[in-house]
Amino acid sequence: MSIWEFANPVRFMRLSGRVLPWLTGLMILTLVPALYWGFFLTPDDARQGATVKIIFVHVPAAFLAINIYFIMFVTSLIWLIRRHHVSALAAKAAAPIGAVMTLIALITGAVWGQPMWGTWWVWDPRLTSFLIMFIFYIGYIALWAAIDEADKAADLTSILCMIGSVFAIVSRYAVNFWSQGLHQGTSAPLIRPGEETQVSAVFWQPLMLSIIGFLLLFLVLLLLRTRTEIRNRRITALRAREA
Amino acid sequence: MLPDLGKYALPVLAAYAAMIVLIFGLVIVSLKSAKSSKETLAKLEEKRNQND
Numbered sequence: 022m023s024i025w026e027f028a029n030p031v032r033f034m035r036l037s038g039r040v041l042p043w044l045t046g047l048m049i050l051t052l053v054p055a056l057y058w059g060f061f062l063t064p065d066d067a068r069q070g071a072t073v074k075i076i077f078v079h080v081p082a083a084f085l086a087i088n089i090y091f092i093m094f095v096t097s098l099i100w101l102i103r104r105h106h107v108s109a110l111a112a113k114a115a116a117p118i119g120a121v122m123t124l125i126a127l128i129t130g131a132v133w134g135q136p137m138w139g140t141w142w143v144w145d146p147r148l149t150s151f152l153i154m155f156i157f158y159i160g161y162i163a164l165w166a167a168i169d170e171a172d173k174a175a176d177l178t179s180i181l182c183m184i185g186s187v188f189a190i191v192s193r194y195a196v197n198f199w200s201q202g203l204h205q206g207t208s209a210p211l212i213r214p215g216e217e218t219q220v221s222a223v224f225w226q227p228l229m230l231s232i233i234g235f236l237l238l239f240l241v242l243l244l245l246r247t248r249t250e251i252r253n254r255r256i257t258a259l260r261a262r263e264a
Numbered sequence: 861m862l863p864d865l866g867k868y869a870l871p872v873l874a875a876y877a878a879m880i881v882l883i884f885g886l887v888i889v890s891l892k893s894a895k896s897s898k899e900t901l902a903k904l905e906e907k908r909n910q911n912d
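Each protein sequence line maps, in turn, to chains A and B.
Mapped onto the numbering used here, the consecutive letters of the first sequence carry residue numbers 22 to 264.
Mapped onto the numbering used here, the consecutive letters of the second sequence carry residue numbers 861 to 912.
No wet-lab data here; the hints were simulated from the structure.
Any given hint could turn out to be false.
What the hints assert, rightly or not - Some chain A residues judged to face chain B by a derived CB distance under 8 Å, without partners named:
| hint | residue |
| --- | --- |
| 1 | Thr72 |
| 2 | Ala82 |
| 3 | Asn253 |
From the three backbone atoms N, C-alpha and C, an ideal C-beta is built for every residue, glycine too.
Put together the whole structure using the sequences plus the hints.
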């Protein structure tokens, strides 16, 4: 079976309808224990004290903020090349989730930064690129809302998404590009064989579980919201036929 | 029972509260709009079937 078969809205609705309850259950079974483990069962860090518990919220949100934009980039590209409506609607459905994750990363970063760095905000490369990415998310959502004609809105928002993806890449690699700035290197790099994690196992394990939980939350919300967008499109078509 | 967060209780609790409020808000908005669109579409499909 080809992945392109899911570009058919009827097939997508059928499959996502079956998967959604199971995915929701799995998300609850992962996210709730992960946050409980991180908040209640982890010790204080020697340097950061209890503020280290913010990592279980901040890092998964930041991880999603960047990767949701990447997913929007891919789905927008598919729309521009292959004109699959489900793809454009999935990008539209993902944007508010990405905006909320970016906002969570910015807020939790600020309240973590204040006691650790002595400031809520600095114009650090990573922080600044995250703020710009948040503005792109808002701009993307506003552009969809501002244009009535669905295909035209999908075209223009896809182009905006392409431009904004530069800041998503900068957000991901800002700590590698620039040596200056207060933000530390990435806390959750991909593990390669023979490499040690940069975070102690006592924090690393609940952090990984929390990232998986947030990822499942994103998938649940993405499927739910994409289904809504497909239904809204059908509603628009039926109303146009009636008129 | 909350763990002892010492002098950092405020930032830690604020971070978790912000996350819970924002995610809860997103979930509620998503569920409401899903319910609304499902009901509207069902009504329109029913009307269309009656007309056919």
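Query raised in the report: Taking the closest Cβ pair, is Ala82(A) under 8 Å from chain B?
Result: Holds: closest Cβ of chain B sits about 7 Å from Ala82(A), inside 8 Å.
Requested in this report: Return the status of the interface hint for Asn253(A): holds when the least beta-carbon distance to chain B is below 8 Å, violated otherwise.
Outcome: With a minimum Cβ separation of about 5 Å from chain B (threshold 8 Å), the hint on Asn253(A) holds.
Query raised in the report: Taking 8 Å as the limit, does the beta-carbon of Thr72(A) come near enough to a beta-carbon in chain B?
Result: Hint holds; Thr72(A) Cβ to chain B Cβ min 5 Å, cut 8 Å.
Of the hints listed earlier, there is not a single one the structure fails to meet.
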